[in-house]
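J.: One letter stands for each residue in the lines below.
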Amino acid sequence: MDNHSRADQVPAETASHDEPLPEALRSVAQWYAAQPRPHPSPEANQRLLARVLEEEVTVARTSFQARSSLVQTVRMTRWQLHLLGPWFWITSVLLLLLGVVVAPALPREASIPMLIYILPLTTILSMVYALRRLAPGLRDIEVSSPTGFVEMMAGLVLALVCFDGLLGVLATSAIALAHWASFRTVLTDWLGPLLLLVAISFPVALRWGTLPAMLVGGGPWLVLIVLAAGLPELLPAHFLTGTPTGFSLAFHLLAAGLGGATLLLLFLRGFTWQRLLVHP
Amino acid sequence: MTSDEELFRQWQRGNVDAFETLVQRYQRPLLSHLYNLVGSAQTAEDLVQETFVRLVREAQSYRYPRPFFPWLYTIARNLALKELASAYHRHVELGMAMHEAPTRESDPEEALERWEQQQDLQRALVSLSFEQREVLSLRFKQELSVKEVAELLGIPAGTVKSRTFQALHRLRQYLETTSFQGGVSQGDHTHG
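Residue numbers (my numbering), protein chains in the order written: chain A, 1 to 280; chain B, 281 to 472.
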């Protein structure tokens, strides 16, 4: 119950100023107005918003017009981004800002690979967190109305990719300025793996769950990082080091194109693969 | 401050924050109002949620600048009536929060006192009709004028006044005949 309700501050006379009450009844009205009121908890607030989202999704899915609308998918995505909560975004920004500040201060041979290693991993982890947090409630709706789920989740993942990408561009700019490195090379070196790994792990997350997605997306990348750090002779020269070579540029551009196209396709035409991708 | 109607229109156009603002604006007063109608904090919380869900469900029928507040409270009222009718058929006694535990507060004695006050209020409200509880809540908890209540409920202002008087009179009688008669003066003392 709320012990600091408005009634505690506003006397009952104010509430009933247009209606003079007899003295005896006024004291009863004051007593009534001064009684404590229930106060919604933050959890109740979250439950309410989540329930409203579910309802909005249900309403959207029962309407063909809404289902076929890209605007509606974007709207659903915005709801989901909203439900991730402010701390998700605050933490992400703080971590990346830390990267922007720390990376240029490190030697060139350490800062560039660090950025290239960390950004794809961060995005995969963000995606896994977001899907784990939001998917279960939406899956329940999926049972009753199997439309649009893949598009919505792809929208969420694309938004996370754009967010991490934007912060990555900032970090890349800082590094490029600090070390006179090639902006384009460093950018493609992390953007290619980021998009490809996310595009691979996202359908896995939808079909088999977030843990397999993390293993499929993050596992090979971790192996590559270990190899690049410990046994660089096993990898092509200058691979994942931000050094401009024709091979790495072509490879990373291809990876970025494939990954980006897959994510866009899932966002725009996810319904086509709905039954295949969504966990039974 | 952006009007409720404008916020709802913004939400219809895809602004998620607008709906959250509406929730923040009305969740608490609606909870208080429904609590006074059904007498159970848990049921009132469920009804608040259901009210907002109904808003979403009926959103397509909303045409700006239809007044938002009466629409919201009418939905809540209908849900409360339905819940009370359902509780009656299930032989569940609403309007009494006897089983609800006192909330956590820093001072246990204060918490207990608050809880006892709540029990007093619920016992007293049970003696009133739904319409009387509704008018009391709108007038003295939601702090609406007689005219506003009349418009909201679609009844003459005279009816609002008579219901208010009847309800307060009945409450007074109830308080006088029970052991917590001191509750009124205590309320005056505490908040006066």
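Think of the hints as simulated: they come from the structure by calculation, not from any bench. Owing to the predicted nature of the structure, the values given are computational and were not obtained by experimental measurement. Built from N, CA and C at the ideal position, the CB exists for glycine as well. Be aware that one or more of the hints could be misleading.
[What the hints assert, rightly or not] Distance windows between CB atoms, simulated: (1) A:LEU125 / B:THR282: 50 to 58 Å; (2) B:ALA339 / A:PHE88: 26 to 34 Å; (3) A:THR91 / B:ARG337: 42 to 50 Å; (4) A:PHE88 / B:GLU393: 54 to 62 Å; (5) A:LEU166 / B:PRO345: 36 to 44 Å.
J.: Take the hints in turn and mark each one as holding or not.
T.: Evaluated hints:
no., hint, in the structure
1, A:LEU125 / B:THR282: 50 to 58 Å, "37 Å, violated"
2, B:ALA339 / A:PHE88: 26 to 34 Å, "27 Å, holds"
3, A:THR91 / B:ARG337: 42 to 50 Å, "35 Å, violated"
4, A:PHE88 / B:GLU393: 54 to 62 Å, "41 Å, violated"
5, A:LEU166 / B:PRO345: 36 to 44 Å, "38 Å, holds"
Consistency with the previously given hints fails for numbers 1, 3, 4, ordered from lowest to highest.
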